[in-house]
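Engineer: One-letter residues, chain by chain:
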Amino acid sequence: MLKMIVCMKQVPMVSDLPWDPVTGTLTRDAAEGMMNPACKHALEAALELKERHGGHITAITMGPPMAEEILREAIALGADRCLMVSDRKMAGADTLATSFTLARAIEIFCPDFDLILCGCHTSDSETAQVGPQLSEELNIPSIAVVEDLELHGNTLRVKRVSDNFLETLEMDLPGLVTVATGFHVPRYASMAGLHDAFREPGILTVGAHDLGVSESVVGLKGSATRIVDIFSPVAKKENIVLKGAPKKIVEELLDRFDDKIGSLIRKDLKAVG
Amino acid sequence: MAQKRRSIWVFGDYRNYFQNRVTLQLLSRATDLAKKIDAEVCATVFGHEVDEWVGEYIAHGASKVYVCDNPKLKYYSTDTYVALMERIVSQYGPEIILVGATSFGREFTPRLAKRLKTGLTADCVGLDINDEGLLVQTAPAFGGSLLTRIITPEKRPQMATVRPGVFQEIPHNYQAKGEIVNVPLPGDLPRDRVRLLSSERQPAREQKLGEAPVVVCGGRGMGSKARFKNLYELARVLGGEVGATRPVVYAKWADEDALVGQADRHISPKVLFSFGVSGAIQHTAGIKNAGFIIAVNKNPNAAMMKMADVAIVADASQVCTALIRELKKRIRT
Ligand SMILES: Cc1cc2nc3c(=O)[nH]c(=O)nc-3n(C[C@H](O)[C@H](O)[C@H](O)COP(=O)(O)OP(=O)(O)OC[C@H]3O[C@@H](n4cnc5c(N)ncnc54)[C@H](O)[C@@H]3O)c2cc1C
Ligand SMILES: Nc1ncnc2c1ncn2[C@@H]1O[C@H](COP(=O)(O)O)[C@@H](O)[C@H]1O
Chain A
1 MLKMIVCMKQ VPMVSDLPWD PVTGTLTRDA AEGMMNPACK HALEAALELK
51 ERHGGHITAI TMGPPMAEEI LREAIALGAD RCLMVSDRKM AGADTLATSF
101 TLARAIEIFC PDFDLILCGC HTSDSETAQV GPQLSEELNI PSIAVVEDLE
151 LHGNTLRVKR VSDNFLETLE MDLPGLVTVA TGFHVPRYAS MAGLHDAFRE
201 PGILTVGAHD LGVSESVVGL KGSATRIVDI FSPVAKKENI VLKGAPKKIV
251 EELLDRFDDK IGSLIRKDLK AVG
Chain B
274 MAQKRRSIWV FGDYRNYFQN RVTLQLLSRA TDLAKKIDAE VCATVFGHEV
324 DEWVGEYIAH GASKVYVCDN PKLKYYSTDT YVALMERIVS QYGPEIILVG
374 ATSFGREFTP RLAKRLKTGL TADCVGLDIN DEGLLVQTAP AFGGSLLTRI
424 ITPEKRPQMA TVRPGVFQEI PHNYQAKGEI VNVPLPGDLP RDRVRLLSSE
474 RQPAREQKLG EAPVVVCGGR GMGSKARFKN LYELARVLGG EVGATRPVVY
524 AKWADEDALV GQADRHISPK VLFSFGVSGA IQHTAGIKNA GFIIAVNKNP
574 NAAMMKMADV AIVADASQVC TALIRELKKR IRT
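Note that the protein sequences, when read in sequence, are chains A and B.
The first sequence: position 207 = 207 (the working numbering), numbered continuously.
Converting from the second sequence to the working numbering requires adding 273 to each position, the first position being numbered 1.
It is worth saying that the hints were derived from the structure and are not from the lab.
Treat each hint with caution, since some may be false.
Claimed, not checked - Within a straight-line C-alpha distance of at most 27 Å, the following computed DSSO-like cross-link-like pairs (lysine-lysine) qualify:
hint: 1; chain 1: B; residue 1: 601; chain 2: A; residue 2: 243
hint: 2; chain 1: A; residue 1: 260; chain 2: B; residue 2: 602
hint: 3; chain 1: B; residue 1: 337; chain 2: B; residue 2: 277
hint: 4; chain 1: A; residue 1: 159; chain 2: B; residue 2: 347
hint: 5; chain 1: B; residue 1: 601; chain 2: B; residue 2: 571
hint: 6; chain 1: B; residue 1: 481; chain 2: B; residue 2: 601
hint: 7; chain 1: A; residue 1: 270; chain 2: B; residue 2: 543
hint: 8; chain 1: B; residue 1: 309; chain 2: B; residue 2: 450
hint: 9; chain 1: B; residue 1: 571; chain 2: B; residue 2: 525
hint: 10; chain 1: B; residue 1: 602; chain 2: A; residue 2: 243
hint: 11; chain 1: A; residue 1: 260; chain 2: B; residue 2: 561
hint: 12; chain 1: A; residue 1: 243; chain 2: B; residue 2: 502
hint: 13; chain 1: B; residue 1: 428; chain 2: A; residue 2: 221
hint: 14; chain 1: B; residue 1: 601; chain 2: A; residue 2: 267
hint: 15; chain 1: A; residue 1: 89; chain 2: B; residue 2: 390
hint: 16; chain 1: A; residue 1: 270; chain 2: B; residue 2: 602
Sequences are here, hints too, so could you generate the full structure?
Structural biologist: Set out below in structure tokens:
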């Protein structure tokens with residue numbers, strides 16, 4: 001049986017998040033969360049493999065207690081088991097600390113996996129680093145941003161586009177892939193599935209102590225990078241704002257900028273009459 | 274013992290050279306940064322029969338190139354490249370390593386950083402040196418709506434992948450001299466665990482969009498595929514091309530070819546019409562060279578509206594339709 005792990009992260013639903021200027025980390029408590037879109041594609045790829053070959057899927061997330069929601073969603077979608085890695089000490093982790101922590105959790109709680117699937121990137125930190133770094137930490141091969149996955153015995157064959165090259169690659173399992181978005185269209189959870197998933201009793205939650213790791217190697221303390229500040233990149237231009245009925249706006253636009261637009265398309269755009 | 278000179282390394286990523294000159298752009302930026310910390314600029318080149326690239330990198334600012342030329346390195350491989358790079362980094366101890374955020378760079382660099390147990394900032398859009406001599410890496414976060422400045426205070430080397438197109442390459446100088454350090458391929462590198470079965474170069478995408486003087490660009494705010502289609506009509510009337518944001522391409526309202534922003538999707542129209550685009554940095558990175566910008570968005574505070582010369586607060590699809598009608602009316606005469 002193919003034993004799969006899908007790593008998933010909860011990300012904020014809104015993009016304008018408050019951050020803590022002292023630690024330079026985000027105060028996530030304030031925003032509503034959702035399953036990172038790319039992780040949905042990774043889960044979908046796992047579900048498709050399971051449908052074809054049989055298998056067992058463990059969904060894992062590291063995050064605050066509220067991230068449990070996405071694990072329940074994963075169950076509703078067809079995951080068999082889940083693991084929540086949660087500890088205040090793990091807050092503020094960069095990808096080095098995140099991949100370290102996830103690797104320890106996997107070694108202890110699902111050591112006999114065949115395939116780990118990650119999303120290709122998260123919508124909040126967008127590093128696309130956790131997958132490749134997790135494979136390093138576990139000392140297994142990995143292939144990033146794969147589209148098509150085919151299993152032949154113990155060998156996984158994948159297709160992907162890397163830079164300008166269409167590649168076919170294979171590796172023996174155990175291994176890790178990060179899954180491209182746009183190829184495996186995520187399914188929707190059925191109402192019944194969701195209902196059951198949220199009624200299911202406790203989810204196995206583990207902390208730093210259960211992983212046998214000290215505070216100094218996880219979270220902010222275990223991270224090599226530091227956020228200096230976060231800022232908004234927008235530099236406001238002196239601009240002209242037009243409002244009102246579309247027809248009026250368009251007339252005004254063409255009247256005022258006939259020279260700019262008209263000269264380019266070599267047409268006189270002055271209104272007739 | 275004389276202190277070793279500090280160095281900034283740029284990973285030579287030449288596989289997609291004609292579409293993507295990020296390595297040259299990084300050599301240029303590294304040259305500026307090196308002045309601030311009195312370092313030398315070095316490049317690495319791994320591959321088979323790579324003299325051409327060694328010369329190219331020296332001509333673009335590298336004063337030293339570490340070359341490993343071996344038939345076994347003919348194809349890019351993360352396993353081998355990570356192992357090889359780890360060896361020479363450990364031997365020479367660069368202060369900073371910069372890698373282009375190409376597909377390969379984004380796969381290879383995280384693993385290298387992990388192997389070296391150091392920090393890595395992904396997809397940077399800015400690099401600087403602060404008062405303490407640390408590399409300050411600016412990277413987008415939250416769908417490009419915010420930028421984060423990140424440092425690696427203690428661990429070395431400091432590492433970043435950098436988006437193509439952020440920096441300007443310096444014109445080549447074939448008189449430039451550089452030292453070439455030949456690195457033999459270690460005999461004991463672990464076997465590649467990933468096997469490359471086939472690799473086909475995709476035909477380079479047409480550059481029509483990149484050179485068009487008028488571009489009509491649409492985002493998710495166009496609302497539906499059917500409404501998005503009107504942008505093609507508008508582009509036809511204006512004699513321009515259609516561009517799109519990533520969600521639009523994912524939703525298949527437009528072809529992949531229309532994507533604007535990423536890596537090699539830079540456009541420089543004299544006039545850009547932007548409909549229902551929020552203005553995430555991944556997108557706006559591709560329109561930095563646009564001349565006159567007209568943006569339509571129902572949200573007056575969208576980043577795209579602030580970048581625009583004319584900001585139209587209205588429904589994107591309705592303005593598109595009205596514009597087509599009005600243009601046709603005026604052009605007919
Ligand atoms: C690694 C990475 C690389 C990326 N590369 C790219 C890239 O190359 N190119 C790219 O485009 N994106 C890229 N993205 C995605 C990018 O971050 C944004 O998500 C994307 O550009 C947003 O597209 P959008 O503006 O169409 O959609 P949205 O952000 O959803 O914005 C829609 C806009 O339309 C407005 N709107 C809604 N309804 C209407 C209406 N009826 N009338 C008028 N306005 C309306 C809204 O106010 C909003 O401003 C990348 C992301 C990542 C993580
Ligand atoms: N905290 C986390 N818990 C579990 N998986 C994660 C976490 N962070 C990142 N990942 C995985 O790594 C992928 C890439 O994330 P990132 O490197 O942050 O862009 C995600 O799609 C997840 O599959």
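Engineer: Does each hint hold? Answer for all of them.
Structural biologist: Evaluation of the provided hints:
1. For a cut-off of 27 Å, the pair hint linking residue 601 (chain B) to residue 243 (chain A) stands: about 22 Å separates their Cα positions.
2. With a C-alpha separation of about 18 Å, the suggested pairing of residue 260 (chain A) with residue 602 (chain B) holds against the 27 Å cut-off.
3. Taking the CA atoms of residue 337 (chain B) and residue 277 (chain B), the gap is near 14 Å; set against the 27 Å cutoff, the hint holds.
4. Distance restraint check for residue 159 (chain A) and residue 347 (chain B): the Cα-Cα separation of roughly 20 Å lies within the 27 Å cut-off, and the hinted pair is therefore satisfied.
5. The suggested pairing of residue 601 (chain B) with residue 571 (chain B) holds, with an alpha-carbon distance near 25 Å, which does not exceed 27 Å.
6. With a C-alpha separation of about 24 Å, the suggested pair residue 481 (chain B) and residue 601 (chain B) falls inside the 27 Å cut-off, and the hint holds.
7. Under the criterion of a C-alpha separation no larger than 27 Å, the hint pairing residue 270 (chain A) with residue 543 (chain B) is consistent with the structure, at around 20 Å.
8. In summary, the hint linking residue 309 (chain B) to residue 450 (chain B) is supported, as the alpha carbons are separated by about 21 Å, within the 27 Å threshold.
9. For the suggested pair residue 571 (chain B) and residue 525 (chain B), the alpha carbons sit about 23 Å apart, so the restraint of at most 27 Å is met.
10. Taking the CA atoms of residue 602 (chain B) and residue 243 (chain A), the gap is near 22 Å; set against the 27 Å cutoff, the hint holds.
11. Restraint check: the Cα-Cα separation between residue 260 (chain A) and residue 561 (chain B) comes to about 18 Å, which is no more than 27 Å; the hinted pair holds.
12. Proposed proximity of residue 243 (chain A) and residue 502 (chain B) is supported: the alpha carbons are some 24 Å apart, at most 27 Å.
13. Distance restraint check for residue 428 (chain B) and residue 221 (chain A): the Cα-Cα separation of roughly 13 Å lies within the 27 Å cut-off, and the hinted pair is therefore satisfied.
14. For the given pair, residue 601 (chain B) sits about 11 Å from residue 267 (chain A) by alpha-carbon distance, which is consistent with the 27 Å threshold.
15. The suggested pairing of residue 89 (chain A) with residue 390 (chain B) holds, with an alpha-carbon distance near 20 Å, which does not exceed 27 Å.
16. Using a Cα cut-off of 27 Å, the hinted pair residue 270 (chain A) and residue 602 (chain B) holds, with the two alpha carbons roughly 10 Å apart.
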